[in-house]
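Novice: Work out the full structure: start from the sequences and follow the hints.
Mapping to the working numbering: the sequence shown position 125 is 288, numbers consecutive.
Hints were generated in silico from the structure; no laboratory data involved.
Please note that a few of the clues may not be correct.
[As the list claims (entries may be wrong)] Computed list of lysine-lysine pairs in DSSO-like fashion (alpha-carbon distance at most 30 Å, straight line): (1) K218 to K236; (2) K319 to K271; (3) K229 to K290.
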Amino acid sequence: MKKFYILILSLIGIIALSNLVYFPGLKVWAFDELALFDKQKITSLTIHNHEENEKVEITDPKEIQKVLNDFSKMELRRIKSESDANNSGAKEVKENVHTYTIDVYANKQDIGTIYLSGTTYMIFYGKSSSDDIPVYKIENNPDLEIHEVFNSAKKKII
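Specialist: What follows is the structure, given as structure tokens:
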């Protein structure tokens, strides 16, 4: 009878451990693994900087590639809401935190919007009819070039 209980408890432990390991909230993805859109089909981006309340459109493939490379640097973990990203971890100094809304276009069709809050979290609003809007916490602290791309595009307009 003891062997039976040990066997049952062992099976329960193995199942619980396997669920913990594969629990989606603990998995960290690279942006490219999420396949939110086809990066090769992107023809333009509209970037809105919320701090400066300015908007620029980027159509140069090299500049688009710089922004998309920024996303490739990110390690993302899915969370329930933005407040989870803001509340987790130690309180960091929030200087020079830029928030951007990036509209992604392929052949003049809007395929989605990315909301980027500095290096804290990212939300992707796809054009598919899904009630579930994924929120991702940025796990690493990548050095983003989006600030330079935005500023250089802004200077070209002026």
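Novice: None of the hints should be skipped; say for each whether it holds.
Specialist: Here's how the hints hold up against the structure:
no.	hint	in the structure
1	K218 to K236	24 Å, holds
2	K319 to K271	21 Å, holds
3	K229 to K290	23 Å, holds
No hint from the list above goes unmet by this structure.
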